[in-house]
Amino acid sequence: MNLITILLSLTALIDFFIVYLILSKSDKNTSDKVFIFLNIVIILWIVSDIFYSIASEFNLFWAKATYSAALFLPFAYLYFSLTFLSEKKVSKKTIVFSFLFPFILLILILINPESMIQKSQNGFIFGYIYFLYILYMASYFIISYIVLFRKILLFSGTKKGQINFIFYGSLISSILALTSALILPLFKIYDLYFLSPAFTLVLSVCITYAIFRHHLFNIKVIATEIFGALIVIIFLINALLSQSRAESFLNFGLFVVIIIFSILLIRGVLNEVRSREKIVKMAQNLKKANLELQKLDKAKSEFISIASHQLRTPVSVIKGVASMMIEGDLEKFSEEKKNKFIKSLWEKSCKLENIIDDILNATEMTNSKYRIRGEKAELIDIKELIKKIIKDFHPVIEKRGMSLSLKNVSNDLPKIYGQTQYLQEAFGNLIDNAIKYTPSIGTDYEARGKRDKKGIISISITKEENNVIISVEDNGIGIPQKESFNLFKKFTRGSNARDMYTDGSGLGLFVVKEIIEGHYGKVWFESELNKGTTFFVSLPINSLKEINVKKHIIDD
Amino acid sequence: MTENKRILLVEDDPDQILIYKSKFELEGFFLIVSDNIVKTMDFALNDKPDLILLDLLLRNENGLDILEELKKNPKTKKIPVVVFTNFDTEESEDKALELGAVKYIVKAKITPNEMVNEIKKIIG
Numbered sequence: 001m002n003l004i005t006i007l008l009s010l011t012a013l014i015d016f017f018i019v020y021l022i023l024s025k026s027d028k029n030t031s032d033k034v035f036i037f038l039n040i041v042i043i044l045w046i047v048s049d050i051f052y053s054i055a056s057e058f059n060l061f062w063a064k065a066t067y068s069a070a071l072f073l074p075f076a077y078l079y080f081s082l083t084f085l086s087e088k089k090v091s092k093k094t095i096v097f098s099f100l101f102p103f104i105l106l107i108l109i110l111i112n113p114e115s116m117i118q119k120s121q122n123g124f125i126f127g128y129i130y131f132l133y134i135l136y137m138a139s140y141f142i143i144s145y146i147v148l149f150r151k152i153l154l155f156s157g158t159k160k161g162q163i164n165f166i167f168y169g170s171l172i173s174s175i176l177a178l179t180s181a182l183i184l185p186l187f188k189i190y191d192l193y194f195l196s197p198a199f200t201l202v203l204s205v206c207i208t209y210a211i212f213r214h215h216l217f218n219i220k221v222i223a224t225e226i227f228g229a230l231i232v233i234i235f236l237i238n239a240l241l242s243q244s245r246a247e248s249f250l251n252f253g254l255f256v257v258i259i260i261f262s263i264l265l266i267r268g269v270l271n272e273v274r275s276r277e278k279i280v281k282m283a284q285n286l287k288k289a290n291l292e293l294q295k296l297d298k299a300k301s302e303f304i305s306i307a308s309h310q311l312r313t314p315v316s317v318i319k320g321v322a323s324m325m326i327e328g329d330l331e332k333f334s335e336e337k338k339n340k341f342i343k344s345l346w347e348k349s350c351k352l353e354n355i356i357d358d359i360l361n362a363t364e365m366t367n368s369k370y371r372i373r374g375e376k377a378e379l380i381d382i383k384e385l386i387k388k389i390i391k392d393f394h395p396v397i398e399k400r401g402m403s404l405s406l407k408n409v410s411n412d413l414p415k416i417y418g419q420t421q422y423l424q425e426a427f428g429n430l431i432d433n434a435i436k437y438t439p440s441i442g443t444d445y446e447a448r449g450k451r452d453k454k455g456i457i458s459i460s461i462t463k464e465e466n467n468v469i470i471s472v473e474d475n476g477i478g479i480p481q482k483e484s485f486n487l488f489k490k491f492t493r494g495s496n497a498r499d500m501y502t503d504g505s506g507l508g509l510f511v512v513k514e515i516i517e518g519h520y521g522k523v524w525f526e527s528e529l530n531k532g533t534t535f536f537v538s539l540p541i542n543s544l545k546e547i548n549v550k551k552h553i554i555d556d
Numbered sequence: 001m002t003e004n005k006r007i008l009l010v011e012d013d014p015d016q017i018l019i020y021k022s023k024f025e026l027e028g029f030f031l032i033v034s035d036n037i038v039k040t041m042d043f044a045l046n047d048k049p050d051l052i053l054l055d056l057l058l059r060n061e062n063g064l065d066i067l068e069e070l071k072k073n074p075k076t077k078k079i080p081v082v083v084f085t086n087f088d089t090e091e092s093e094d095k096a097l098e099l100g101a102v103k104y105i106v107k108a109k110i111t112p113n114e115m116v117n118e119i120k121k122i123i124g
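Residue numbers (our numbering), protein chains in the order written: chain A, 1 to 556; chain X, 1 to 124.
It is possible that part of the hints are untrue.
[Claimed, not checked] Result set (DSBU-like, lysine-lysine): computed pairs, CA atoms no more than 35 Å apart in a straight line:
#1 Lys120/X <-> Lys75/X
#2 Lys160/A <-> Lys288/A
#3 Lys453/A <-> Lys21/X
#4 Lys454/A <-> Lys95/X
#5 Lys338/A <-> Lys75/X
#6 Lys399/A <-> Lys21/X
#7 Lys288/A <-> Lys95/X
#8 Lys340/A <-> Lys399/A
#9 Lys103/X <-> Lys92/A
#10 Lys332/A <-> Lys109/X
#11 Lys298/A <-> Lys383/A
#12 Lys72/X <-> Lys298/A
#13 Lys351/A <-> Lys103/X
#14 Lys351/A <-> Lys39/X
#15 Lys21/X <-> Lys387/A
#16 Lys288/A <-> Lys388/A
#17 Lys103/X <-> Lys72/X
#18 Lys340/A <-> Lys72/X
[Stated by the list, open to error] Covered stretches of chain X, going by a simulated chain A footprint (3 or more residues, C-beta under 8 Å):
#19 46-54
#20 72-80
#21 84-91
#22 96-103
The hints are simulated quantities; they were obtained by calculation from the structure and are not laboratory data.
For clarity, every value in this text was computed on a predicted model and none was experimentally measured.
Just so you know, even glycine gets a beta-carbon here, dropped at the ideal spot from N, CA and C.
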C-alpha cells in the first residue's frame with residue numbers, strides 16, 4: 001500500500017467521521033442532509049480513486065468509474081450552497097433542473113464512453129464529452145460560489161463568518177481539485193490526479209467546522225476531538241505498517257476498536273456539553289416565565305385596585321341618594337330635583353351592572369366564549385345592525401354635540417354569518433370608545449375639556465374580495481404609536497386615554513378582538529395623535545359549511 | 001352655626017355633585033364646585049372657603065397634585081382639606097395624610113348625613 005492510498009483512505013475515513021457527526025446531530029435541517037449526501041458522493045469518488053491508484057497505470061475502466069462517481073459532486077455542492085443557512089426551501093423544480101445536466105452527462109458517458117476518454121500510449125485522449133464535463137463542473141461551481149457570495153452579503157454576524165469560511169475553503173479546495181483532476185490531465189500531467197479527492201478534504205473540514213461551530217468553540221470538545229483523531233491516525237498507521245498478515249489482522253482489529261472508542265468518547269463529551277447548554281437554556285426559560293408571572297401578578301393587582309374603585313363609584317352615589325331618601329331629605333327638594341336624584345339612582349345602577357359584566361368578561365380565561373357556533377349563527381345584515389347601534393347611541397351623541405353617522409356603504413353587501421348580540425357588543429364597544437376619546441364642543445364631564453372642533457364619528461361598510469370591512473373613524477385624541485401593541489390586551493388603555501377618561505374597565509377593545517376573531521375576522525386600527533383614529537373590522541363572507549369546517553380545523 | 005360656612009367641592013362626577021351640593025345646601029353650607037387645579041386654586045385664593053372636599057380621580061388631574069399645590073401656597077395651606085374618594089387603600093390614605101389632608105374618607109362607606117357630621121366636627 002503506497003502513501004497515496006493511505007492518504008486517500010484517510011480522507012475517506014475523515015469523511016465517514018464527518019457523516020457520522022452530522023448524523024448524530026439532534027436537529028438536522030435540509031442543508032445538513034444535503035451535506036451528508038455531498039460527503040457520500042465524495043466517499044464514492046475516493047473509493048473508485050483508490051482502486052484506480054492500485055490498478056495498473058492508466059487503467060481506463062477505473063478512470064471512467066472515477067469520473068462517473070465525481071459526476072454528481074457539483075450538483076450536491078450546488079444544492080448545499082442553496083440550502084445552507086437559507087430560510088426558504090429550495091423548489092423541487094430547481095433541484096430537478098440542476099439534476100438534469102449531470103444525469104444527461106451520465107447517460108452520454110454510459111452510451112458513448114469513447115467520446116469521454118480513450119487510452120493512448122502514454123495517457124488518455126479526451127473527447128467532447130470530457131469538455132462538456134469540465135463545462136458542467138465549472139459552471140455549477142461558479143453558480144454555487146455566486147449563491148454563497150450573495151449569502152455573505154446578505155447575512156451578518158456569526159452567520160456571515162460561517163459562510164465566509166465555507167466560501168473561501170471551498171474556493172481553495174475546488175480550484176485545487178478541479179485543476180489536478182481535470183485541467184492538468186489535459187496537459188498530460190497525471191501525477192496529481194490521485195490527489196484530487198484529498199483536496200475535497202479542505203472543503204469538508206471547512207463545512208463541518210461551520211456546522212459545528214458552536215460545539216467546536218468549547219475547548220473540551222475540541223481537545224477530545226483532536227485527541228481522538230490523533231489516536232485513530234496513529235493506530236491506522238500502525239495497522240498499515242504491519243509486517244505480517246497476523247499482525248496486520250490484529251492491528252486493524254485494534255484500529256477498529258480505537259475508532260469505536262474515540263467515537264464513544266467524543267460522543268460522551270458532546271452529550272455533556274449539549275446537556276449543559278440545555279440546562280442553561282432551561283434556566284433562562286424559567287427566569288423568563290417567572291418574570292412573566294410577576295408582570296401578570298402586578299397587572300392583576302392593578303386591575304383589582306382599579307376595578308374596586310370603579311365598582312365603588314356608582315355604589316357611593318346609590319348609597320348617597322338612598323340614605324337621603326331614608327332620612328327624609330329628598331322631600332325637601334323640588335319635584336324637578338327629586339327626579340334628578342331618582343334618575344341618577346337608576347343610571348348608576350345600570351353602570352354598576354355594566355362594570356360587573358366587564359370584570360367578569362376580563363376574568364374569563366377561555367376565548368372560546370365568543371366563537372360563533374354553527375347552530376346559533378344566523379345571516380346578519382351588517383348595515384341594519386350598525387344603523388340600530390347608531391340609533392341607540394343617539395342620546396349620548398346629542399348630549400355631547402357630536403355627530404355619528406353611517407357615511408359610506410357599498411351597494412351589494414352580502415349578509416354575514418354571525419351572532420347578532422356579540423357583533424352588536426363589538427361594534428357598540430368600538431363606537432363607545434370613539435365617543436369617549438373624541439372631545440367635542442360643549443361641556444362634558446366625561447370627555448377632556450372643551451374644544452372648538454365638533455366631534456365627528458363616521459362609519460363605513462365596504463366589500464373587499466371575500467370580506468366585509470367595517471370602519472369606525474373619529475377625529476379624537478388618537479393612539480400613541482408605542483401603545484398599539486398592547487391595545488387589544490386586557491386591562492390596558494392608551495396612556496393619553498387614561499388621562500382623559502377614568503371611567504370604564506379598560507376591557508372594551510379586548511372584548512372586541514375576542515368577538516371579531518371568534519367570527520374568524522380581524523380587527524386593527526390606524527391612528528394619528530390628536531388627529532383621530534380609525535378602527536377596522538373585517539368579517540369573512542362565508543357559508544355556514546365553511547364556518548363549520550374552519551371551526552374544526554382551528555379546534556382540532 | 002353652619003350658616004355662611006363655605007365649602008369648596010373638587011369633584012367631576014355630576015351625580016356625586018348633585019347629592020352633596022343638595023345636601024350641604026340643605027344644611028346651610030355655601031358650596032362652590034371645581035373640577036380642575038386652576039379653578040380650585042382660583043377659588044381657594046379668592047373665595048375664602050372654610051373647607052375643601054377633594055376628590056382624587058379627576059378627569060385631567062390627580063387630586064393629590066392639587067393637595068400638594070394647596071399646601072405649598074402660604075395663602076391656602078391653612079384651609080383644611082378632606083380627601084374624599086373611592087380608593088380604599090392604606091397606601092392612598094397614607095399619602096394623602098402625608099401631604100397634609102386632615103381626613104381621608106371613602107365615598108362608598110359614608111352617607112351624606114355622616115359626611116355633614118364629619119365636616120361640622122372640623123369647621124363647626
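Against the earlier hints, flag every one the structure doesn't satisfy and list their numbers going up. 4, 5, 9, 11, 15, 16, 18, 19, 20 and 22
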